[in-house]
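**Q** Residue numbers (numbering that gives the first Met the number 0): 0 to 372.
Mixed in with the good hints, there may be bad ones.
Once the Cα atoms are required to be at most 20 Å apart in a straight line, the calculated EDC-like pairs of lysine to aspartate or glutamate come out as [as the list claims (entries may be wrong)]: (1) K214 <-> E370; (2) K275 <-> D171; (3) K209 <-> E145; (4) K214 <-> D260; (5) K209 <-> E140; (6) K288 <-> E352; (7) K182 <-> E200; (8) K275 <-> D241; (9) K278 <-> E345; (10) K209 <-> D305; (11) K278 <-> D305; (12) K275 <-> D212; (13) K278 <-> D356; (14) K214 <-> E345; (15) K275 <-> E345; (16) K275 <-> D201; (17) K209 <-> D317; (18) K278 <-> D201; (19) K240 <-> D305; (20) K209 <-> D241; (21) K209 <-> D171.
Pairwise CB distance ranges (calculated) [as the list claims (entries may be wrong)]: (22) F203 <-> Q369: 27 to 37 Å; (23) D123 <-> M267: 18 to 28 Å; (24) V322 <-> T187: 20 to 30 Å; (25) A128 <-> V243: 52 to 62 Å; (26) S121 <-> L162: 52 to 62 Å; (27) S121 <-> A231: 54 to 64 Å; (28) P219 <-> E291: 11 to 21 Å; (29) G163 <-> N131: 41 to 51 Å; (30) R137 <-> P357: 21 to 31 Å; (31) E134 <-> D317: 28 to 38 Å; (32) E134 <-> L359: 20 to 30 Å; (33) T354 <-> K275: 15 to 25 Å; (34) T281 <-> Q210: 21 to 31 Å.
If you're looking for bench data, these hints aren't it; they were derived computationally from the structure.
Cβ coordinates follow ideal geometry from the N, Cα and C atoms, glycine included.
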Amino acid sequence: MKHNTLEWVVFTLKSVVSALFFVFAFYGVMGLWLLTQQATLTQATLTSVWTQHTLAAILAAVVTLIGWVLSVRYFHTQLQLTSLTQAVNELGVQVKNAKDMDGNPAVTDLKLGRRLRPMAKSVDDLYMAAQNAMEEERDIERSKDEMITNVSHDLRTPLTSILGYLGLIVNDSPQTLTVEDAKQYATTAFSKAQQMKSLVEDLFDYTQVKQVDFKLRWAPLDLAALLQQLSASYELEAKQKDVVISAVTNPKRIEMIGDPDQLARVFMNLISNALKYGKNATFIRLSAKIIEDENVVEVRVTNNGDPIPADSIDRLFDRFYRVESSRNTGTGGTGLGLAIVSSVVEAHGGTIEVTSDPELTSFIIRLPLQETE
């Protein structure tokens, strides 16, 4: 047990030192570079460089923190299992060595076996539960590694572009760099920075809704009115893409208990996805109806665009999954939006599924009308 405790302390210290070393080294190198380039960089460029690299440093620190939290849970489970095993072993020795008043064994091996059998079964059950818990922790650790890989890839791509275009501005001589070229480079770098910002925000939102202590802000709301408002807010964007967006509910007023902000996020994400990925669609329809015998409301976000590939449907709600064959960000997606949608729906005690064929693609959400535990 002491060994496990020491191992956890060493791991924690390593995590903290690694995070601090990364941050200090990062800003040290950045500071030296900016000092050497100060004469050629404008204040706006300096600010842009600091902003983008600070985002990368913050994300690295967040990933380190996630790793530390997971390690705490893993080592805590190991400590509990070790303590339990030691306690049972000590109890068995004490019982077996117990003597009666005449100095004879108080409990024979046969009696000991009968008396300890229920306890042994309980210990076995607890041991299996602990083993399953540790296996889950290992799955989480693997998932964390996958997340780090995906985040690193999705940050590196726009960051490389930003550095490339800023490098063109910095390194080109004033005689060869025109104002139009500088503006074009800066605009492209700004667009890539927006992609990075979107990824960081989505990552933050995802980690928030996946927290064990994530709490919804339950409140009464009219779901029909919410869908009508969202439909109206996307009308201009839809019109620019020759898409008609509408909302139809039955009844006209659907009263329920939920988190208005989180539910708005769910439907905004689904509408945005339909506009972004529903190629060749001519309409997007939001529909809602109450299913009386189940005391739930069913909401559908439907479009008539190109269907989703069948082999992608089961993975749509996986973190960082994109339907595109490559992980390019040409469409601006982070692969986290639908994972957030699924988590929010589950937090409400609801379900979400997808159907897609050459005629229609529908995201079907079922939500309880009343607050769930």
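**Q** Now tell me, hint by hint, if it's right for this structure.
**A** Tested hints:
1. K214 <-> E370: Holds, at about 12 Å.
2. K275 <-> D171: Answer violated: K275 to D171 is near 37 Å, above 20 Å.
3. K209 <-> E145: 16 Å, holds
4. K214 <-> D260: 12 Å, holds
5. K209 <-> E140: Within the cut-off at roughly 15 Å; holds.
6. K288 <-> E352: It holds: about 16 Å lies between the C-alpha atoms, which stays within 20 Å.
7. K182 <-> E200: Judged against 20 Å, a Cα distance of about 26 Å means the pair is violated.
8. K275 <-> D241: 13 Å, holds
9. K278 <-> E345: 28 Å, violated
10. K209 <-> D305: 31 Å, violated
11. K278 <-> D305: Since the Cα atoms of K278 and D305 sit roughly 5 Å apart, the hinted pair holds (cutoff 20 Å).
12. K275 <-> D212: 33 Å, violated
13. K278 <-> D356: 13 Å, holds
14. K214 <-> E345: 12 Å, holds
15. K275 <-> E345: 25 Å, violated
16. K275 <-> D201: This hinted pair holds, its Cα atoms lying about 17 Å apart.
17. K209 <-> D317: 13 Å, holds
18. K278 <-> D201: 24 Å, violated
19. K240 <-> D305: 15 Å, holds
20. K209 <-> D241: 37 Å, violated
21. K209 <-> D171: 46 Å, violated
22. F203 <-> Q369: 27 to 37 Å: The hinted range 27 to 37 Å holds for F203 and Q369, with Cβ atoms some 30 Å apart.
23. D123 <-> M267: 18 to 28 Å: 50 Å, violated
24. V322 <-> T187: 20 to 30 Å: 26 Å, holds
25. A128 <-> V243: 52 to 62 Å: Holds - the Cβ-Cβ distance for A128 and V243, about 54 Å, lies within 52 to 62 Å.
26. S121 <-> L162: 52 to 62 Å: 60 Å, holds
27. S121 <-> A231: 54 to 64 Å: With Cβ atoms ~60 Å apart, the hint holds.
28. P219 <-> E291: 11 to 21 Å: 19 Å, holds
29. G163 <-> N131: 41 to 51 Å: The hint (41 to 51 Å, Cβ to Cβ) holds, given that G163 and N131 are roughly 48 Å apart.
30. R137 <-> P357: 21 to 31 Å: 42 Å, violated
31. E134 <-> D317: 28 to 38 Å: 20 Å, violated
32. E134 <-> L359: 20 to 30 Å: 40 Å, violated
33. T354 <-> K275: 15 to 25 Å: At 19 Å between Cβs, range holds.
34. T281 <-> Q210: 21 to 31 Å: For T281 and Q210 the Cβ distance comes to about 40 Å; the hint is violated.
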